[in-house]
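There are 2 protein chains.
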Amino acid sequence: IDVEGKIVIARYGGSWRRIKPKVAAEHGAIGTILFSDPIDDGFVAGDVYPDGPYRMEHGVQRGSVLDMPQYPGDPLTPGYGATAGAERLAIDEAPTIMKIPVLPISYSDATPLLEAMGGPVAPRSWQGGLPFTYHIGPGPATVRLHLEFDWDLAPALNVVARIEGSEYPDEWIVRGNHRDGWALGAADPISGLVTLMEEARAIGELMETGWRPRRTIVYAAWDAEEPALLGSTEWAEHHGAELREKAALYINTDGTGRGFLNAGGSHSLERFITQIARDVDDPKTEATVLERLNAAIAANGDFEEAMRDDIRLSPLGSGSDYTPFLQHLGIPSLNLSFGGESGGGSYHSQYDSFDHYTRFIDPDFAYGVTLTKVTGRATLRFAQADVLPYRFSNLADNVSMYAEEIEEIADRMRQETTQRNRLIQEGLIELAADPTEPFVAPSPDEAVPHFNFAPLLNAIAELESEARAYDGLLQTVQAQGLSASQMARVNQNVMEIEQLLTDERGLPKRPWFRHQIYAPGFYTGYGVKTLPGIREAIEEREFELVDEQMRRISDAIERVNARLEEAAAILGRPVT
Amino acid sequence: IDVEGKIVIARYGGSWRRIKPKVAAEHGAIGTILFSDPIDDGFVAGDVYPDGPYRMEHGVQRGSVLDMPQYPGDPLTPGYGATAGAERLAIDEAPTIMKIPVLPISYSDATPLLEAMGGPVAPRSWQGGLPFTYHIGPGPATVRLHLEFDWDLAPALNVVARIEGSEYPDEWIVRGNHRDGWALGAADPISGLVTLMEEARAIGELMETGWRPRRTIVYAAWDAEEPALLGSTEWAEHHGAELREKAALYINTDGTGRGFLNAGGSHSLERFITQIARDVDDPKTEATVLERLNAAIAANGDFEEAMRDDIRLSPLGSGSDYTPFLQHLGIPSLNLSFGGESGGGSYHSQYDSFDHYTRFIDPDFAYGVTLTKVTGRATLRFAQADVLPYRFSNLADNVSMYAEEIEEIADRMRQETTQRNRLIQEGLIELAADPTEPFVAPSPDEAVPHFNFAPLLNAIAELESEARAYDGLLQTVQAQGLSASQMARVNQNVMEIEQLLTDERGLPKRPWFRHQIYAPGFYTGYGVKTLPGIREAIEEREFELVDEQMRRISDAIERVNARLEEAAAILGRPVT
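First to last, the protein sequences are chains L and B. According to our numbering, the first sequence is numbered sequentially starting from 1. According to our numbering, the second sequence is numbered sequentially starting from 1.
Keep in mind that the hints were calculated from the coordinates and are not lab data. Fair warning: there could be bad hints in the mix.
Just so you know, same-sequence chains aren't split out, so a pair can sit in one copy or run between any two.
Calculated lysine to aspartate or glutamate pairs in the EDC-like style (CA-CA distance at most 20 Å, straight line) [stated by the list, open to error]:
hint	residue 1	residue 2
1	Lys509	Glu26
2	Lys284	Glu430
3	Lys509	Asp310
4	Lys284	Glu426
5	Lys284	Glu437
6	Lys99	Glu26
7	Lys284	Asp434
8	Lys509	Glu548
9	Lys373	Glu291
10	Lys509	Glu544
11	Lys373	Glu198
12	Lys373	Glu504
Full structure from sequences and hints, please.
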């Protein structure tokens, strides 16, 4: 199908919403219509609003189609704060702005368009929930797309409150949630924002008693997250140098619901978050948040994971305000919410309302309160800790798993490529094809070479040993008591470790993304790619990039290894 | 959900159509409505008739709901021919007659019924293609079901023609296809029946030249296949003793289409059918039927299977007239058709018409002609062979694979049962469940014991060795030339081998099914269960049956081993 000069209609889902108009534009399309299909979050998924939580026929999912996997934030100020006087790109130079108009519509509005399409029957997995056979076009119906845009600059207003630390004012805990929504925004962002406000209110009460945190706490309600993480990104870029010097932790929340703790973030925080989940009660059962989460993992069939010492933090891709902190600056980050028993189809539509939230998501706000208990403990324990509670064995454990995954991906691709090329060369694909259908001969792929994983595996092996040494020593020494100077020196050392995992040169094609362990996928948008430099080079068959990316990731891990050795020396281990 | 006293509505598919009303009746339902959902063969699958081949809104799938996995044929004459004077059960004693009324309807007629259902939202996999959320009831709508039945006896008229063999009149090749259809029956059965008639016509022409086959050929057009394989079953039961003495092969066809050879049957016929597929050209490509089939298997990802020396014959379950021959009498059987590029939704409806067939299935009958070339060669080569072309190494190869599968099933069930019981005992399933939904506590399952597979594995190991010896010896000796008496004695020996795989006591709960290697599943209906005695005892958790069934299957294989040793001795191998 040739989309040159055409308007493309695409179903939401599968990859992040921007990817479809982006690929359409790359192939010459002049506009894209995105529709929410009832098979994904409408009547096929369950009863629709107002009877149930799912998307009703007029529900439209809005959302940004800026190229955030390239860089988020203001398209006109890449990498620096969009302050009043900042130098700006012209709109038509800004590489992250979508080049063709895109319109999201409801399945009610999509129905006449889809029914009027001819051409071949859509592949089975593209067929959605509407009651007719989907065709992929082109035409025969024609569509006129008339959109109006406001290209004026407008201010985004972050609300930022700061509590100066009494003892370590230059070690910051930053706690954020965005405050803008596409329409009413009851779930996204208000359900998360109120947990932040409740946490701040509680700390405010503490402060009225004269209490002060040992470290500085910054509360932020970000504006303009929805268009492109604008508020958080511009603030983080503008304050980048100071944040890299001072920020020990960024804790993010966003929309939240009912059910189980969803915890994502830097793997060095796994023990920390596990201890908090053990101390907070689930509001609807007799169990703790940790017990309930592990029950769900076990009931889902993964006993081994449920028995793991610590919660495994999901690696972070993108989709909320942690991105500039973690992936651009290298600040250790957490993203926390509850979910798994809410769901529905109000996302980014005008049906994301108080009525919807209180009927279908978290009717008595019990899990919202629980989230505050979790994030409040996280903020306070970090603010008050003697030694900052990172544990690097968990980092080593996960990075080792990622390396194994990528080795397996490469092996599988190599095998599949060999097999497919052989099928093509022997003419078997053509012979197996329906002779009454037009046959497009597939081209063989470049063979997948064997890659040198040794530098990475050696760096990871050393990380395992250094991390075990540091974590073990810290535990021993903490029991004996540390001097104030030891603590201060260790903290300064370890709060920079996440930054050592970034590389100033960034990732291929997107230098803004510097973290060597976590990035949103270039073609998945929100979905994470771990060890992204090598994973994407292999997956996208850019094999010539692999060696250099392997070196950068390995170097980053070796920087961490050296730093862990220094930190251990401060704690009293003889330098080996 | 309690169905006691209710009318159940069920979607076609998943298991054979009878299974749903059967289970409904077991739970006290008083009637069942079956509907064809557009997600299975209607507009979700592709364009509907008359634009395309799929089931249109008024298409109704009819079909038998007799308990054929218990025994097929006349419900009133289990195990013997329903001749005019035969003793008959009373209708209300006949165990295979459905005890509650069942009505198939179209998705157009199902829509108002399903829309009127309340109760919980159906599980995701039950949701079909109609444009609303499915609920599982009960009610609130009520349904009146008024059906009329004709319980009169009526004759079923098989058309049977016989060509006496010139040399071995008491060795028969039986070739059959049914002649009755639910409505017009263009595809089912006529597309298959015409291939049989064309084959008979060609042999008739040969006979007009004075030619006679060496063995006897029987052509049969079965009546009343659709209600319960009535024509073939009663004929096979009535002539059972003679067939067990004389039949060397039963070749079945039924509806056929366009694409690739679908070959199922006794594994001892794999080399035989492979040689035929190598000699017949695919009508739409430059390849042979064999090359095209192997290309499809390879393109589908299974290189190893495509490289196998011989086509792997699918083991036969039920659904056509081979069942009484293979599974009741133990006659070596084949079931042949073409398919994979036709498909659609006319099955068992009034849309199975000449127009539908010639537009969407095999427009120029090219594959029908090709099927005649395949079956005609099969009939003639068997009729004319010096030594009957069974090859038992293929039997050994497949039976060994089935035994491995069942060992794996048992291991997996054991592991899953242990895990599930542990989840239940530790309360983790309850803790993982949504506390706002009613919770029904699951019961632990009986632990899966370890079974003694040794007798079976020993018998199979010996089968591998005896089969290799016989097959190899036959090849050597055939090259040298065999005496007429050797050939006659070997043929008498080997044509009974399939029968040695039957057990007079039959399978648990269904003595009519005697074959120890192939049976339709008790709860799948048409789908095959290989080594059914042990496979179903394990799958249905009737563990106390396993040892006895293991013994019967092993004994059957040992009977084959002894017979192969005798046959080899006739060919000149010293008895070991």
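Hints and how they fare:
| no. | hint | result |
| --- | --- | --- |
| 1 | Lys509 with Glu26 | within (16 Å within a copy, 64 Å between copies) |
| 2 | Lys284 with Glu430 | between (59 Å within a copy, 12 Å between copies) |
| 3 | Lys509 with Asp310 | neither (35 Å within a copy, 51 Å between copies) |
| 4 | Lys284 with Glu426 | between (61 Å within a copy, 18 Å between copies) |
| 5 | Lys284 with Glu437 | between (58 Å within a copy, 12 Å between copies) |
| 6 | Lys99 with Glu26 | within (9 Å within a copy, 62 Å between copies) |
| 7 | Lys284 with Asp434 | between (57 Å within a copy, 9 Å between copies) |
| 8 | Lys509 with Glu548 | within (14 Å within a copy, 67 Å between copies) |
| 9 | Lys373 with Glu291 | within (16 Å within a copy, 67 Å between copies) |
| 10 | Lys509 with Glu544 | within (14 Å within a copy, 65 Å between copies) |
| 11 | Lys373 with Glu198 | within (10 Å within a copy, 80 Å between copies) |
| 12 | Lys373 with Glu504 | neither (37 Å within a copy, 71 Å between copies) |
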